[in-house]
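Single-letter residue listing:
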Amino acid sequence: MKKIETQPFIQEKFAEYYRQNSGSIEPPSSIERREFAFLLLKEKIMLRHKGFKSVDELRNMLINVIPSHVYYSTAYYEKPEEEMDAKGWLGADLSFDIDADHIQTPCNKQHDTWSCNNCGKTGRGASPETCPKCGGQKLDDKSWPCEVCLESAKEETMKLIDALIEDFGLTPQEINIAFSGHRGYHVHVENQTVQNLDQSARKEIVDYIVGIGLEPKFHGVEMGRGPNLEEAGWRGRIARGTYDFLLNATERQLEEIGLKKSVVNSLINQREGILKSWKSGGPWRLKGAGPESWKKMVQKAVERQSMKIDTVVTTDIHRLIRLANTLHGKTGLKKTRVPFGDIERFDPLKSALAFKGGTVKLAVIEAPEFRLGDERFGPYKNEEVELPTAAALFLLCKSAAQVKEEHWRV
Amino acid sequence: MLNRAEKRIEEAILYALVIEQQRNDEIEILSFPVAVMMVSATNDPFLKRRYALAESKRAYNLLKQENKEKITQLAATFNWRIESTKTVADFALHFADFLRNATGFHETKWKLVNRTMLNGEVYLTRDEAARLLAEEVRGHIEKKLETKIGLELPQNVENIVERLKQLFASRKGKMRLEEMPREIVLDAFPPCIRQLYNNILSGRHISHVGRFALTSFLINSGMTVDNVVDLFRSLSDFNERMTRYQVEHVAGGRGSRTKYVPPRCDTLRTHGVCPGMDEICRRIRHPLGYYRRKLRIMKTTTTEAQATQRA
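First to last, the protein sequences are chains A and B.
Just so we're aligned, residue 1 is where the first sequence starts under the working numbering, counting upward by one.
Just so we're aligned, residue 411 is where the second sequence starts under the working numbering, counting upward by one.
These are calculated hints, taken from the structure and not from any lab test.
The structure displayed is predicted, hence computed values, not measured ones.
Heads up, a few of these hints could be off.
[To be verified] Derived SDA-like pairs (lysine to any residue); straight-line CA-CA distance at most 25 Å:
hint	chain 1	residue 1	chain 2	residue 2
1	A	Lys-295	B	Met-652
2	B	Lys-458	A	Gln-199
3	A	Lys-142	A	His-318
4	A	Lys-138	A	Lys-159
5	B	Lys-519	A	Thr-193
6	A	Lys-296	B	Asp-688
7	B	Lys-558	A	Trp-89
8	A	Lys-398	B	Cys-691
9	A	Lys-138	B	Lys-519
10	A	Lys-142	B	Gly-620
11	A	Lys-44	B	Glu-545
12	B	Lys-558	B	Glu-545
13	B	Lys-467	A	Ser-200
14	B	Lys-554	A	Thr-193
15	B	Lys-496	A	Lys-398
16	B	Lys-519	A	Lys-44
17	A	Lys-296	A	Glu-222
18	B	Lys-553	A	Thr-193
19	A	Lys-50	B	Arg-651
20	A	Lys-44	B	Met-652
21	B	Lys-519	A	Glu-303
22	A	Lys-79	A	Asp-316
23	B	Lys-704	B	Lys-496
24	B	Lys-669	A	Arg-319
25	A	Lys-217	B	Gly-514
26	B	Lys-519	A	Ala-232
27	B	Lys-704	B	Arg-651
28	A	Lys-133	B	Asn-608
29	B	Lys-558	A	Asp-85
30	B	Lys-553	A	Arg-319
31	A	Lys-295	B	Cys-691
32	A	Lys-295	B	Gly-682
33	A	Lys-79	B	Tyr-670
34	A	Lys-296	B	Arg-692
35	B	Lys-519	A	Gly-169
36	A	Lys-217	B	His-659
37	B	Lys-519	B	His-550
[To be verified] Quick list of the computed label-pair ranges, beta carbon to beta carbon:
hint	chain 1	residue 1	chain 2	residue 2	range
38	B	Val-671	A	Lys-133	40 to 50 Å
39	B	Asn-649	A	Ile-268	50 to 60 Å
40	A	Leu-90	B	Leu-472	31 to 41 Å
We treat Cβ as the ideally placed atom computed from N, Cα and C, and that holds for glycine.
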């Protein structure tokens, strides 16, 4: 038992991980064409424009520099080590980032906290634009990966994968799925065709995925007519989205999308009949609901069916993304590949654990309840606890605790 | 043949079209590479673009009269992955080939999200396929025009090139865009930039895309690097060194020395920067286009107002 400083402790743990696991670090395809970048844990600086000829060089680097984050370029370059302008862009994989930050989750992010830099007021949930107490505009926020958030992100990921396969005709072999190690998933497409897509083509793909600029009339929504539930592509998505919305919407939700009271009443009264008619080919008709009302409902349907990706990541053809099996400096979890067929039963909070064995005594400042592996922890507030190493590192990386002592048990 | 080649370019300059068809196929076919050589020799990027556009319009007019087999054959020469279909549409085209050519079109029906796409294939009518193919032709010609001519041209050809250059110069004056005013006119900002500007003044967080759009817009409308940097001062994550570096980069003072322009309207929409359109927005595709147009409108109204006052 000895007294330990927090920062060197995290460093030592990360170093240990890379010493023991560097063999599990797989190189991206065409490693010699990629740019690598490392955020150094101790020095807190970004080492960019690194290139490697072999995976062994890369693994040695990880052991030697101890990074808190490791990235590689989705792009392929003639000379990855040069400055941006001289790299010689050859192409880039198509990548998607799904992060709980971009999704309205059912948990409403109650586990996230913010604090005002000016008056010190704190609050829960996504941070407001200005401090409600002093009107201060400088707010810090702290976000947590909760199970509900991660489940929402997973659902979006599955929607995205369906679209990539059914609409875009990609094959499972071309699609890599991974848990990011924090609050979401990465979907990475590698093939010759997508490599050559320029930025405007990628933007069009983003618009397709998110439903931006979609005009229902191009998908068969016209006066009194619409697509069928089982149709492919956006036609089917619009039909299913509208159906689901009508099936489950409360009076209030119908009013919220801007429908007139009379239309809302009419919808509620005729709901059974309308929904039944969808199955027999006679949908999209309703007494009292004109084109404007349908437009609003379809808009809601598109919003629900659209896939919540980070639009910037996909359109950026020089993007750096996290390397699989490396640690995420904000959690101590590792970016973990998800085998194609396993996404539904994949448990990120179990599969991404990087540290096994031992416990650490911590002074926790504040932490919401969380789960790692099969164990639940917290909530904690200003207390000393002894946690398994993985859970301890999770809180330390989140700056929610300080190390008191480390214990070793095998 | 030289005549026909000159004529092709002349029509391109005057009407942005290549209209007249020669009876003699041989002349028609051979005059094209000659015309390409002449345009190349002018070394004028604007003329090159205009000529490629004019030829592609001609190609479109011819293509839309062709049958499906011909279109498939021609598409194959550009390595398109295209299939003739017998269902609701005429063709099924791989999305990458579609995107390579459709992203420059502005009608909403060309947006991928507004197409029927299944299994990687986008469904097209015959006319749409012809339109996309013409666009591929345009790209193809533009590429051809990039080639430098190694040898010296015969004097008579040189003369024609000189004549065409002068003709284009006399027309270009009319097409040139108006100069930007010296001072920034806040009232002429498009809604997106106005919102970003107000947000930054009140210290609210704005996205990376938003920051880039605002910075490049302000730089392009004449604001100095210092003034732009000052604007970012109220942000909670302000870092003078970093901000200055980035603003200078956008202004073209660093790295590649390219001065960046703001993203187009549809790109801003993709990244959620567009707060919704106003009347002027409907007529433009670029925030700087909005600014120019609004300035022009404001100028006309002030001149009119002054005229009324004087009256």
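So, going through the hints one by one against the coordinates:
{"no.": "1", "hint": "A:Lys-295 with B:Met-652", "verdict": "violated, 45 Å"}
{"no.": "2", "hint": "B:Lys-458 with A:Gln-199", "verdict": "holds, 24 Å"}
{"no.": "3", "hint": "A:Lys-142 with A:His-318", "verdict": "violated, 28 Å"}
{"no.": "4", "hint": "A:Lys-138 with A:Lys-159", "verdict": "violated, 36 Å"}
{"no.": "5", "hint": "B:Lys-519 with A:Thr-193", "verdict": "holds, 23 Å"}
{"no.": "6", "hint": "A:Lys-296 with B:Asp-688", "verdict": "holds, 20 Å"}
{"no.": "7", "hint": "B:Lys-558 with A:Trp-89", "verdict": "holds, 24 Å"}
{"no.": "8", "hint": "A:Lys-398 with B:Cys-691", "verdict": "violated, 44 Å"}
{"no.": "9", "hint": "A:Lys-138 with B:Lys-519", "verdict": "violated, 44 Å"}
{"no.": "10", "hint": "A:Lys-142 with B:Gly-620", "verdict": "holds, 23 Å"}
{"no.": "11", "hint": "A:Lys-44 with B:Glu-545", "verdict": "violated, 49 Å"}
{"no.": "12", "hint": "B:Lys-558 with B:Glu-545", "verdict": "holds, 23 Å"}
{"no.": "13", "hint": "B:Lys-467 with A:Ser-200", "verdict": "holds, 23 Å"}
{"no.": "14", "hint": "B:Lys-554 with A:Thr-193", "verdict": "holds, 24 Å"}
{"no.": "15", "hint": "B:Lys-496 with A:Lys-398", "verdict": "violated, 59 Å"}
{"no.": "16", "hint": "B:Lys-519 with A:Lys-44", "verdict": "violated, 48 Å"}
{"no.": "17", "hint": "A:Lys-296 with A:Glu-222", "verdict": "holds, 13 Å"}
{"no.": "18", "hint": "B:Lys-553 with A:Thr-193", "verdict": "holds, 21 Å"}
{"no.": "19", "hint": "A:Lys-50 with B:Arg-651", "verdict": "holds, 24 Å"}
{"no.": "20", "hint": "A:Lys-44 with B:Met-652", "verdict": "holds, 16 Å"}
{"no.": "21", "hint": "B:Lys-519 with A:Glu-303", "verdict": "holds, 20 Å"}
{"no.": "22", "hint": "A:Lys-79 with A:Asp-316", "verdict": "holds, 19 Å"}
{"no.": "23", "hint": "B:Lys-704 with B:Lys-496", "verdict": "violated, 49 Å"}
{"no.": "24", "hint": "B:Lys-669 with A:Arg-319", "verdict": "holds, 21 Å"}
{"no.": "25", "hint": "A:Lys-217 with B:Gly-514", "verdict": "holds, 22 Å"}
{"no.": "26", "hint": "B:Lys-519 with A:Ala-232", "verdict": "holds, 18 Å"}
{"no.": "27", "hint": "B:Lys-704 with B:Arg-651", "verdict": "violated, 34 Å"}
{"no.": "28", "hint": "A:Lys-133 with B:Asn-608", "verdict": "holds, 22 Å"}
{"no.": "29", "hint": "B:Lys-558 with A:Asp-85", "verdict": "holds, 24 Å"}
{"no.": "30", "hint": "B:Lys-553 with A:Arg-319", "verdict": "violated, 28 Å"}
{"no.": "31", "hint": "A:Lys-295 with B:Cys-691", "verdict": "holds, 22 Å"}
{"no.": "32", "hint": "A:Lys-295 with B:Gly-682", "verdict": "holds, 21 Å"}
{"no.": "33", "hint": "A:Lys-79 with B:Tyr-670", "verdict": "holds, 24 Å"}
{"no.": "34", "hint": "A:Lys-296 with B:Arg-692", "verdict": "holds, 22 Å"}
{"no.": "35", "hint": "B:Lys-519 with A:Gly-169", "verdict": "holds, 21 Å"}
{"no.": "36", "hint": "A:Lys-217 with B:His-659", "verdict": "violated, 43 Å"}
{"no.": "37", "hint": "B:Lys-519 with B:His-550", "verdict": "holds, 24 Å"}
{"no.": "38", "hint": "B:Val-671 with A:Lys-133: 40 to 50 Å", "verdict": "holds, 42 Å"}
{"no.": "39", "hint": "B:Asn-649 with A:Ile-268: 50 to 60 Å", "verdict": "holds, 54 Å"}
{"no.": "40", "hint": "A:Leu-90 with B:Leu-472: 31 to 41 Å", "verdict": "holds, 36 Å"}
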